[in-house]
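Colleague: Please dock the two separately framed chains into a single complex, following the hints provided.
Protein chains in written order, with this note's numbering: chain A, 169 to 453; chain B, 42 to 303.
Derived from the structure by calculation, the hints contain no laboratory data.
Where a beta carbon is used, it is the ideal one built from N, C-alpha and C, also for glycine.
Any given hint might turn out to be false.
Some chain A residues well away from chain B (every beta-carbon gap over 10 Å; in silico) [stated by the list, open to error]: (1) 178; (2) 260; (3) 407; (4) 433.
Subject to a maximum C-alpha distance of 25 Å in a straight line, what follows is the list of computed SDA-like cross-link-like pairs (lysine to any residue) [claimed, not checked]: (5) 330/A / 129/B; (6) 444/A / 420/A; (7) 169/B / 293/A; (8) 175/B / 206/B.
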Amino acid sequence: MTSAATDYTVDELMAVCISRLVQDSECVAQGIATPMVMAGFFLAKMTHAPNLLFASAIGMALTTHWSPLAISAVERGLQDHILIAPSFAQLVCEILPTLQFKEFLRPAQIDAQGNTNNVAIGNYHHPRVRLPGSGGIPDVTSFSANTYLYNPRHGRASFVEKLDFISGVGVGPEEERRRLGIVSPGPRALLTDLGVFDFEGGRMRLLSYHPGTTIERIQARTGFPIAIASDVHETPPPSEEEVRLLREVIDPLGVRKLETLGGADRWALLREIAQKELGTDAGHG
Amino acid sequence: MLTSLHDAVELVRPGDMIALGGTTLYRRPLAFVRELLRQGTGDLTLLELTAGLESDLLVGAGRVRRIRTCYFGLEAFGLAPMFTRLASQGAFEIMEETEGSLAFGLRAAEAGIGFMPARAWLGTDMFKVRPDVKMVQDPYTGELLPAFPAIRPDVAVIHVPVADGEGNAALYINKAYDRELGLVADRVILTAEKIVDSPKELGSEIDILGRRVAALVHAPGGARPTSCYPHYALDSLAIMDYIEACNRGEFDHYLARFLEQR
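In isolation and in its complexed conformation, chain B is listed as follows (with noise of 0.2 Å):
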């Protein structure tokens, strides 16, 4: 279970649905990317309840196909720069995503089943790009709601403030759709700020069962720049020097730094 970096990114394939813990600033799983970017998989798939800084590098590097999220930006920093530039160009496919639809697929994968209909959509232009997304007759009360497809990931990588050593994590906060990735994707990579020796020192209940758990890597400081609470806060500045960067037109080059850190 116990392995290193280089080896948790190894289980990444080229053309992989690969699901990012955490959300926008929040617990990102910037170490495990930093490593996915210089073995160079590529090809993926991005899922993820709302993308940040770590997307915006994967996207930047030409690394992704298509993106499935409900958001995609830096919070209060503003658009996320290669995103929003790449996007005009058509660079890669976006397959748009609400927080229902994410969490009702989710929850249909957690069932074992085909969809989950909840009242959502309706009345927008959501199925007009997405219209693999069909509509099913409550067979009760006859009305049409939309059937949310079930989302398997084949990789969900979640960065924890911390775990034991079987890969049982707590996350005290943010927790987005990391509960529900460790349950359906195919292999889950947790990278873990600190690692205790039993679960009575996880400091709350469990949020991920190590029994699903592939492979734990011991990554302290491993959401660096974004926040893993309660070890750090968000490094604002370090989000606004990228920002910078990419509006001088200088990404290869920080990308070229990034990738040099650790």
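This is chain A alone, in the form it adopts within the complex (with noise of 0.2 Å):
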């Protein structure tokens, strides 16, 4: 590996993060509109993981193969390199349960134990915000081994000392999730734009800080008395190379980015976006 890069961002901070959570041969799925967990995964498969099977949320369908992140070339990216695509209920019904893919949620709102929200913020009955909704993490959290979290804007609207709605299962007492049927043993890490965190001892628990910033700003933007790990440090910086592979070739449009950003600056990037596809073989005529 090269050596540190000093220039990078926070985006390609997390994109390394991710990659360096994935392990060689293993199933990972991209869920909807998470281009920073792809930017990981495809990461880690032009470094340390060449074999990964990937499920991919647009398209539905199960890969080896990676293509530069997209918004509406995702779909042509996929020609000619797919291994199966199977009707969303077979994914679901028979190879989500079986091969328990290492997917990488983000849910709207944390609370400490991991528990997750993404339906609605205030009363159910009369929301705030109504959110998108559950998608599959009620299912996936009563059964899978390998969920993990993110967060790309750490905060306190965010992470919550109470959610407004449990649309995903954290950690808990052992005897009680045995009793409700929960196969899975929580989400496995959770990755911010801060940190690196995981649940051990039932309470989200500091692994290491970002380069930057500080455990008690950390705290200070949590809802919630965190844990920190004995051991804990600074998450070490993305190589020259990770970052280069990222920036030149995983996503010159700089897709991951949309993940990091808000309002404005958000919405400009997506019609800069937009338009160089349009300049390039999407398939649009």
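Modeller: Structure representation (structure tokens):
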């Protein structure tokens, strides 16, 4: 590996952290609108995990192939590289429970035990913000041994003492989980733009803080007390080669950055990407 | 079998549970929805794996009484504007679903039984908002699991990249729950990008069996501005135009323009 990078952005650091959490020959799945995760998976494939099996939410296909991150050209990128394009019912009922894909879920709210909410903010029946919905999170958190959480904008709006709705199950007392029939151990780890965490001991625990932040700052931006691992340390930075691969090979359009931006900046980047894709062979006709 | 969009839409009755094929921004039946909006059919229950632009138009136009889906949004482009706004006002009922409750519900309908059990929803608040979903005891292990009730839509509308004249169709990718919908819906309507002479020309094995198809419409471009692989890609700028119009409070104006198209 090349030397440590000094010029990198937080979306690149997060993609590198995702890559480090992936081992070779694993089955990995990408959810809706999670390009940072895809960037991390592809980076892993290009560095230490050449034999990954990808489940792509867009296209609903299994493939071992990667193609540069895109918005409108994702389907085109899969062409000629599909191992199987199952009915989504086949995927949900047969393939996900058996292969147990490694998946990074991005919830709107997370509590100290790693329970999550993607359904509604405020009262369920009169929500302050109705969110898109839970997707398959209430399903996979019942059975999967390979779920991870991530949040690219760590703040007290997301990390709350009490969820407005539990749509994904975190960690908890073993006896109660057995009683409920939950065979998943809960989320394995959590990655944010501030640090890397797990839920060992039953509470969100800081494993490493990203360069440029502090434990105090992370605690201040979390709506409940977090635990600190005894060997807590600074997150190792990306290598120069990892940053180059992300910028030049995996994601020249910068799609991954949509996850860390908000408001007008995000909208401007979306428009820029859409216009660039029009100029390429994205299949517009 | 081969009919006009106008006549196919007449198969949808007010109050129907209508399943819209495809997923979020891929292979959505926009041409059909345009004609459905024109004919004014309302009081609908939408059933979808994921709901996107086509459903936001129906919701914004006040045609939807109830929504059954696990995701209603516009993916990278953000929240679905009319759904999000009207949900806070309680303008429609949301029947909270997940990938699992939909998949196992459709499989129960396929099998002709009342439910399918699955290891899902355990420890979540889903049961609080879906009191109709009961638990069932595994007679072999004693384990308690949710029994997802069978889902039998009145109508399924599926836009397909290619069909033959008998209504056999191939989907290639992004198959969503269309194979299942094509088997269990009371009335199956296909809108097809391309109609070929024989099943040998579909370019893949059949995903939708023509035997259960009630109406087939030739509708090239019928998924635009969503994608129809391999014919055309998602039109990102058109999705952004829609969101910007809604953000300016101009949904009605957008809808009027949408209805004027073709």
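Colleague: Take the hints in turn and mark each one as holding or not.
Modeller: For each hint, the structure was consulted:
At roughly 19 Å, the least C-beta separation between residue 178/A and chain B is larger than 10 Å, which holds for a residue marked as non-interface. With 10 Å as the threshold on Cβ separation, the claim that residue 260/A sits away from chain B is violated: the shortest Cβ distance comes to roughly 4 Å. The claim that residue 407/A lies off the interface holds: its Cβ sits roughly 28 Å from the closest Cβ of chain B, which is beyond the 10 Å cut-off. The claim that residue 433/A lies off the interface holds: its Cβ sits roughly 13 Å from the closest Cβ of chain B, which is beyond the 10 Å cut-off.
For the suggested pair residue 330/A and residue 129/B, the alpha carbons sit about 21 Å apart, so the restraint of at most 25 Å is met. Between residue 444/A and residue 420/A the alpha-carbon distance is near 11 Å, which keeps this suggested pair within the 25 Å criterion. Annotation: proposed proximity of residue 169/B to residue 293/A holds, straight-line Cα distance about 11 Å (limit 25 Å). A distance of roughly 43 Å separates the Cα atoms of residue 175/B and residue 206/B; the hinted pair therefore is violated under the 25 Å criterion.
Of the numbered hints listed earlier, those contradicted by the structure are 2, 8.
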